[in-house]
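**Student:** Going down the list, the protein sequences come from chains H and Z. Anchor point for the first sequence: position 221 equals 221 in my numbering, and the numbering is continuous, going up by one each time. Add 310 to a position in the second sequence, counting from 1, and you land on the number used in my numbering.
Derived by calculation from the structure, the hints in this document are not laboratory data. Don't take each hint at face value.
To be verified - Simulated pairs of lysine to any residue, SDA-like, Cα-Cα distance not exceeding 25 Å:
| # | chain 1 | residue 1 | chain 2 | residue 2 |
| --- | --- | --- | --- | --- |
| 1 | Z | LYS458 | H | LEU48 |
| 2 | H | LYS84 | Z | VAL399 |
| 3 | Z | LYS513 | H | GLN268 |
| 4 | Z | LYS726 | H | VAL23 |
| 5 | Z | LYS726 | H | GLN59 |
| 6 | H | LYS84 | Z | GLN462 |
| 7 | Z | LYS726 | Z | SER702 |
| 8 | Z | LYS513 | H | ALA46 |
| 9 | Z | LYS722 | H | ASP33 |
| 10 | Z | LYS726 | H | LEU48 |
| 11 | Z | LYS771 | H | THR44 |
| 12 | Z | LYS726 | H | PRO31 |
| 13 | Z | LYS771 | H | ALA36 |
| 14 | Z | LYS510 | H | PRO86 |
| 15 | Z | LYS615 | H | PRO41 |
| 16 | Z | LYS513 | H | LEU159 |
| 17 | Z | LYS592 | H | VAL150 |
| 18 | Z | LYS374 | H | LEU159 |
| 19 | Z | LYS722 | H | ALA30 |
| 20 | Z | LYS769 | H | VAL154 |
| 21 | Z | LYS690 | H | THR44 |
| 22 | Z | LYS592 | H | VAL157 |
| 23 | Z | LYS374 | H | GLY160 |
| 24 | Z | LYS831 | H | VAL154 |
| 25 | Z | LYS726 | H | ALA46 |
| 26 | H | LYS84 | Z | PRO508 |
| 27 | Z | LYS491 | H | THR44 |
| 28 | Z | LYS458 | H | ALA45 |
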Amino acid sequence: MLTYILKRIAQTIFTAFLATASVFVLLRLAPGDPAASYAPPNPTAAQLAAIRRQFGLDQPIPVQFWTFLTRLLHGDVGTSFFFKRPALQVVMERLPYTITLAVAAILVTALVAIPLGVWMARNANTAPELGANVGTIAGQSMPDFWIGFVLLIVFAVNLGWFAPAGFDSMASIVLPTVTIAILQIALISRLVRREMVANLNAPYLTVARSRGVSERRLIWSHAFGNSAIPVVTALGTRFAAMLNGVVIVEVVFKWPGVGELVVNALQQRDFPLIQATVLVTVVLALLVQLAVDLLYPLMDPRVRLGEASA
Amino acid sequence: MTQRQHPSLVPNALQEREVSRRSMLQLASLAGVGVFFAPALAACAGPKGAAATNAGTAGAGGGKLSIVLNRNLVSLDNKLNQYDAAVTVQRAVRQALTEIGDDLKPKLVLAESFEQTKPTQWTVKLRSDIHYSDKSPVTVEDVETALKLYFQVPAGYVASQFPEQPTFAKVDDHTFTLTTKVPVVSLNSLMSNILITPAKANKPEELSTGLGTGPFVIGSADTGTGTYRLTRNENYWGEKAKLDEVNVSYQEEEGARVIAITSGQADVIDTITPESAEALKKNADVDVLETPGTRLIHLFYNFRKPKGSPLADPKVREALTYAIDHDSLIKALMNGQVSSAQGVVPTTLAGFVKTGEYTYDPAKAKQMLADAGVKNLTLKFIWEDSEFAGASRVLEAIAQMLSAVGVKATLKMIPKGGDINSWRRGEAGDWDVLANGYGNQTGLALTNLVGQYGGTAAKEKTRDTYQGYVFPEITALLDQAGAEADEAKRDDFLKQAQDKIWATWPALWAWTPNNVLAKRKRVTALKLRATNSYDLASVSVSG
Chain H
1 MLTYILKRIA QTIFTAFLAT ASVFVLLRLA PGDPAASYAP PNPTAAQLAA IRRQFGLDQP
61 IPVQFWTFLT RLLHGDVGTS FFFKRPALQV VMERLPYTIT LAVAAILVTA LVAIPLGVWM
121 ARNANTAPEL GANVGTIAGQ SMPDFWIGFV LLIVFAVNLG WFAPAGFDSM ASIVLPTVTI
181 AILQIALISR LVRREMVANL NAPYLTVARS RGVSERRLIW SHAFGNSAIP VVTALGTRFA
241 AMLNGVVIVE VVFKWPGVGE LVVNALQQRD FPLIQATVLV TVVLALLVQL AVDLLYPLMD
301 PRVRLGEASA
Chain Z
311 MTQRQHPSLV PNALQEREVS RRSMLQLASL AGVGVFFAPA LAACAGPKGA AATNAGTAGA
371 GGGKLSIVLN RNLVSLDNKL NQYDAAVTVQ RAVRQALTEI GDDLKPKLVL AESFEQTKPT
431 QWTVKLRSDI HYSDKSPVTV EDVETALKLY FQVPAGYVAS QFPEQPTFAK VDDHTFTLTT
491 KVPVVSLNSL MSNILITPAK ANKPEELSTG LGTGPFVIGS ADTGTGTYRL TRNENYWGEK
551 AKLDEVNVSY QEEEGARVIA ITSGQADVID TITPESAEAL KKNADVDVLE TPGTRLIHLF
611 YNFRKPKGSP LADPKVREAL TYAIDHDSLI KALMNGQVSS AQGVVPTTLA GFVKTGEYTY
671 DPAKAKQMLA DAGVKNLTLK FIWEDSEFAG ASRVLEAIAQ MLSAVGVKAT LKMIPKGGDI
731 NSWRRGEAGD WDVLANGYGN QTGLALTNLV GQYGGTAAKE KTRDTYQGYV FPEITALLDQ
791 AGAEADEAKR DDFLKQAQDK IWATWPALWA WTPNNVLAKR KRVTALKLRA TNSYDLASVS
851 VSG
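The following block holds chain H by itself, in its conformation from the complex (with noise of 0.2 Å):
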């Protein structure tokens, strides 16, 4: 188990160079000009040379790079060019925001969602199972930004229940969270219905019913336990994207997540701010992903990481 965790680890570190690497030459490479984001109105060319020699932008794109890899070494993603602070920093104030954001969605999605997938599975081609395949496709279908602005209106305006931007109380995570629970709710109650069906129609389900266990420890013990891992692997796969950020979601309530942070900084072009964003969301979401699959023996002790199964 050490020997797998240690190899996952160094993984992730490979990953994150290369991700961050990669996103240093695409920046580099793509249209437009960083410093006339920062330069005032009608800028003269001197102006402009100046904020490149300012921004180090005016070395040769290989130069660059070796700066800024062995600035990596040292932890150091560069500075702002828009906060004039380091990247690093600016991201990880950020970051608490969004991991609570996270947290808070899939959290609300699996109490929502698995429950609701079971019961689906239970009542599978019934009247009201089909109403619910419709309601989760609708929550699959709308988007976001559209609902996050329907329960801003509802809410926030003509209710009044809720701030509708910021961060002023925590209050202000419901509708945001509920923002991002709805989409994710319906995939993955519909993930769990498909996974259940599957095993309630299971030959060694019958064989325990016939065995008096009772209803409730055939579903949830048995049925939901050979569940659980692909769901356990969806649901960890959704919060590893949630921590690049909800973008849009942040964006429409204002949430000074990381997500909001880097729409900023691509329309400024603050590559500092991009690539220390890049370095941090991959090395979370390889986190993420490694703890999911730590989590794999826990549901199932047959399972043994690094091995292949039988």
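Dock chain Z against chain H, hints included.
**Tutor:** Then chain Z, alone, in the frame of chain H:
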């Protein structure tokens, strides 16, 4: 994976281990839910309108104000850049020797006097009653350091407005002189943008915290999220601010800003499109303030065309202006919130001279084009995304108007932060008309005139003129106006220059958008200036 066996068939030890792992997962899930949902549920225990959090005390004093800007303030300093709404907040904390008053003329603030004692020298005396919020005195060294540091910032916006860096010389503890190589008659206006900070704390970069002499102090500052809390400076040397606290944040999405003010989370928002302004006017809790602005938006011709090009002929440039139905554009697409230009700079600026008006006469356009021998003319329009509200639809309408007089127009929008500067400089490709806005931070027509029309052959070598506009006789007039201390003579030079500029027909059309700001009715005594800023110290809230 093989399916799980019935528990009765599984060895006891394995069963117990399975149960304990599962129970562990269940317990952990429940604990996590509790941790995350308890506070949120408690907070949701009852209706909690955002307006409640902004409630201020009734009456003339006290209360909190919430301002939501359209972009991140980044800092409470302006060494690198400055935009209109930022001026309001920055000046609440830090002040300059002068400020641009409601009439767009310089008004004394930290300076007791600011006089041009010689053609190339100004003598400034500081007020004796001014001090920072910690009661430490403002010294001439602070002013000297501030001026020096503004010029040390690479490509700083404020410094670029000065024709040259003035030389500072201390006379006594309250008096100093500013000397230039050539006369700079607008120095008192230009110095309104040099904010004063204690010399020891000042740096050649934007400061996000620190002391100032203004009516507010920084309670907290988060440059990352662009949120600031200002509290009243109880040690202010002048009349104290009426508000207890000002909360500043930003929201780039205009729709979200509108939602913020209608829901009561924000008290003041800026940079509103005409459509949103019309919708907000119908809101019983919101007032929409409009004032004529100081920003000129124009469809400026490319003056780098070769001699034989149609656009090199001023008659052709003039002819094209008659094809534009400005009134229809203003009514239909701009909601009446802009004014067609009556000269080459906005009417609000000190030194503006009315030189003419844009007229719609398509028959005249066709005739003049025919007389000039122009046939099958195609014009390429370029502009940067979000340069002005409704840019795409305005330009599409203009393209149709031009086609009615036999001129084809192609439109190219350059993404924000992209290659617009390369295009402007003629390095990215050929173009004919640039839709561009030109702002003003000094209140003076001279600033715009020099910036746009004061091109020289030397500047054009590095493509630093304004779209290639170089007319030596006009530049000479502007130089004379900038050096002339006598106001009447200066105004005469400015009039001559503006008349000559108008005669060159530099733009297909130009207009000045109104400054538009929305405030909740509880906000009183907010006077929006032509510079799109207001004095926070005089603002109050009620109810």
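**Student:** Taken at face value, is the distance from the CA of ASP33 of chain H to the CA of LYS722 of chain Z at most 25 Å?
**Tutor:** Measuring from Cα to Cα gives roughly 18 Å; hence the hint holds.
**Student:** LYS84 of chain H and VAL399 of chain Z: Cα distance at most 25 Å?
**Tutor:** holds, 20 Å
**Student:** Take a quick look at whether LYS491 of chain Z and THR44 of chain H sit within 25 Å of each other, Cα to Cα.
**Tutor:** Holds, because 22 Å separates the two Cα atoms, which is no more than 25 Å.
**Student:** With the threshold set at 25 Å, check whether the alpha-carbon distance from LYS726 of chain Z to ALA46 of chain H stays at or below it.
**Tutor:** holds, 21 Å
**Student:** So if I understand the rule, the pair passes when the alpha-carbon distance is 25 Å or less; does LYS726 of chain Z with GLN59 of chain H pass?
**Tutor:** Holds. LYS726 of chain Z to GLN59 of chain H sits at ~24 Å (cutoff 25 Å).
**Student:** Is LYS722 of chain Z within 25 Å of ALA30 of chain H, Cα to Cα?
**Tutor:** holds, 19 Å
**Student:** Measure nothing beyond the straight line between the CA atoms of LYS510 of chain Z and PRO86 of chain H; if it is 25 Å or shorter, mark the hint as holding.
**Tutor:** Satisfied, since the Cα-Cα distance of roughly 23 Å is no more than 25 Å.
**Student:** Does the alpha-carbon distance linking LYS84 of chain H and GLN462 of chain Z stay inside the 25 Å limit?
**Tutor:** holds, 16 Å
**Student:** Take a quick look at whether LYS726 of chain Z and SER702 of chain Z sit within 25 Å of each other, Cα to Cα.
**Tutor:** Since the Cα atoms of LYS726 of chain Z and SER702 of chain Z sit roughly 14 Å apart, the hinted pair holds (cutoff 25 Å).
**Student:** Hinted pair, alpha-carbon criterion (25 Å max): LYS84 of chain H, PRO508 of chain Z. Please report holds or violated.
**Tutor:** The given pair, whose Cα atoms are some 21 Å apart, holds under the 25 Å limit.
**Student:** Between LYS769 of chain Z and VAL154 of chain H, is the straight-line Cα distance small enough, at 25 Å or below?
**Tutor:** violated, 56 Å
**Student:** Hinted pair, alpha-carbon criterion (25 Å max): LYS726 of chain Z, PRO31 of chain H. Please report holds or violated.
**Tutor:** Given pair LYS726 of chain Z, PRO31 of chain H holds - Cα atoms ~11 Å apart, limit 25 Å.
In summary, the numbered hints that this structure violates are 16 and 20.
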